[in-house]
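Enquirer: These are the residues of each chain, in order.
There are 2 protein chains.
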Amino acid sequence: MSSHRKSYGQRAADHSNPAAQLLLHTIERKKSNLAVSVDLTKTSDFLKVIDVVGPYVCLIKTHIDILEDFTPDVIERLKLLSAKHDFVVFEDRKFADIGNTVALQYSSGVHKIASWSHITNAHPVPGPSVITGLASVGLPLGRGLLLLAQMSTEGSLATGSYTDDAVRMARAHREFVIGFIAQRRMDHVGTSPSSLPDGVEDFIILTPGVSLEMSGDSMGQQYRTPEKVILENGCDVIIVGRGIYGKGTGDALDVGCVALQAEKYRTEGWNAYLKRIGSTGPTS
Amino acid sequence: MSSHRKSYGQRAADHSNPAAQLLLHTIERKKSNLAVSVDLTKTSDFLKVIDVVGPYVCLIKTHIDILEDFTPDVIERLKLLSAKHDFVVFEDRKFADIGNTVALQYSSGVHKIASWSHITNAHPVPGPSVITGLASVGLPLGRGLLLLAQMSTEGSLATGSYTDDAVRMARAHREFVIGFIAQRRMDHVGTSPSSLPDGVEDFIILTPGVSLEMSGDSMGQQYRTPEKVILENGCDVIIVGRGIYGKGTGDALDVGCVALQAEKYRTEGWNAYLKRIGSTGPTS
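Which chain is which? The protein sequence lines are A and B, in order. Per the numbering used here, the first sequence starts with residue 1, numbered consecutively. Per the numbering used here, the second sequence starts with residue 1, numbered consecutively.
Hints are computed from structural coordinates only; laboratory data are not their basis. It cannot be assumed that every hint is accurate.
Just so you know, same-sequence chains aren't split out, so a pair can sit in one copy or run between any two.
[To be verified] Pairs of lysine to aspartate or glutamate residues, derived as DMTMM-like cross-links and limited to a Cα-Cα distance of at most 20 Å, are as follows:
#1 K112 x D69
#2 K84 x E68
#3 K275 x E76
#4 K79 x D254
#5 K48 x E232
#6 K84 x D51
#7 K79 x D251
#8 K112 x E68
#9 K31 x E68
#10 K48 x D164
#11 K30 x D86
Take these sequences, add in the hints, and give me the full structure.
Expert: Pasting the structure below:
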């Protein structure tokens, strides 16, 4: 049976990477495959949105390098929120350099990403050294890596043989690469069903560009619905941004409305998952 | 005549982008096509190495996000050194996200890269929106962008049609994309000589992985000599790192030795260039 027909809880048992286990258990526990991408530049807005959406998500996706008033205290408060609301943290750093450099970028600098982000991601374009460089820092800390096998932007070059190579690279480093940022499942990509039976590998698929309303922005981003992404394309986690918190700044943040939107996406994503694994009827 | 057969000074006149003009004029003025990549994690080491190699380089390449004790004061001191020694600054950020995100990463966060780095770079993998997103911030400031058309690491996916697409993407945004990080010239890549006569476009090629001694590191980096890079492959700027400053930390930094190494690379790179443009005899 293909991995994505199993429950998240069953799949957690098949993973040896601690970050993959944590994510799958969190999804099961919170009945949420919703991740919220918090792309805000002020710490106060950033922490406020996370506190509001926290109860509804399995994961918070950050761009720590856009916070203009970042201090190490932000990380302490993010950790507290992660414990309070029980979510996994994913710094969407998109590492894309040679091994020696990404190891420094991951461990050092003012942001010290490896010390607090359970999961991070990388582009496979530099070749396998981007994985081994990050693994040299992240594996001892129990971290997990997602590779960008595809992108949701118009004219992306992560297609065809690029995607195949990304999956092969991940397959060769399964102890650290726990899944992909992609638009669909990657089972059997870069190999054949006969040489790799169903269920032997289980890459977790996180999918950005999810929205119930918009069809695109002015900067090349393209959107799809939770049902399409989870049910049709077999992805595991939907990543939603401004579709949930709007502008998300200062007085413009309507806490009740944001919570309502988060719950709406959580329900949509979870019901699509229940249909996928053939469970009896959706929950509300 | 292909652009790389002209002098750097002549080429400056053909560029309309201010960052490209600045770089080409600086190379001509200082008789140096040497860039030093300063990959150090302590501010004191970082600034000290830059002060030592500054007289010999046209450009300093930074990874500002690995400085563990970064404060805004580092940027002020970097700007002073840039003025003192007359070099261009290139933050090697390798942006690789959707347009909206890279615009925030470039302009905001604690590092505010666009405010001080004359040149930065991006992977073309997200598609054209990575360029337009960065251009929305960088063009009004007179900045320039390099695309990563190739990488010097083993197993890199930036080859074949990926490289062709990168060059086509650059060609469609010539007002902001001033050149490439690549291993060789990109003239006529992704097009035909007949549809694009020699000398119509002039992308500046900056090439990492240059060393007089080493053949590789343990993390997949591969090396070539300045002569091979400038003369055989037609690249314009050689990027050298630890080949010049060694470990570069604290007491381990032998100032005289580092200056000597920098001068050696500058001479090698410049003489290769003189041979290329057919100038009479090398300078020492």
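Enquirer: All hints, please: hold or fail.
Expert: Okay, the hints, checked on the actual structure:
Taking the shortest Cα distances, K112 and D69 sit within 20 Å of each other both inside one copy (16 Å) and across copies (11 Å). Taking the shortest alpha-carbon separations for K84 and E68, neither the intra-copy value of 25 Å nor the inter-copy value of 29 Å comes in at or below 20 Å. When the C-alpha separation of K275 and E76 is checked against a cutoff of 20 Å, the pair qualifies neither within a copy, at 38 Å, nor between copies, at 57 Å. Taking CA atoms no more than 20 Å apart as the test, K79 paired with D254 passes in neither setting, with 24 Å inside one copy and 42 Å between copies.
Neither within a single protomer nor between protomers do K48 and E232 lie at most 20 Å apart by alpha-carbon distance, with minima of 33 Å and 56 Å respectively. When the C-alpha separation of K84 and D51 is checked against a cutoff of 20 Å, the pair qualifies only within one copy, where the shortest distance is 9 Å, while the shortest distance between copies is 48 Å. In this assembly of identical chains, the alpha carbons of K79 and D251 never lie at most 20 Å apart, being 25 Å within a copy and 37 Å across copies at closest. Taking the closest pair of Cα atoms, K112 and E68 come within 20 Å of each other both inside a single copy (16 Å) and across two copies (8 Å).
Taking the shortest Cα distances, K31 and E68 never come within 20 Å of each other, neither inside one copy (34 Å) nor across copies (39 Å). Proximity of K48 to D164 under the C-alpha cut-off of 20 Å is found in neither arrangement, the shortest distances being 40 Å within a copy and 44 Å between copies. Proximity of K30 to D86 under the C-alpha cut-off of 20 Å is restricted to the intra-copy arrangement: shortest distance 8 Å within a copy versus 57 Å between copies.
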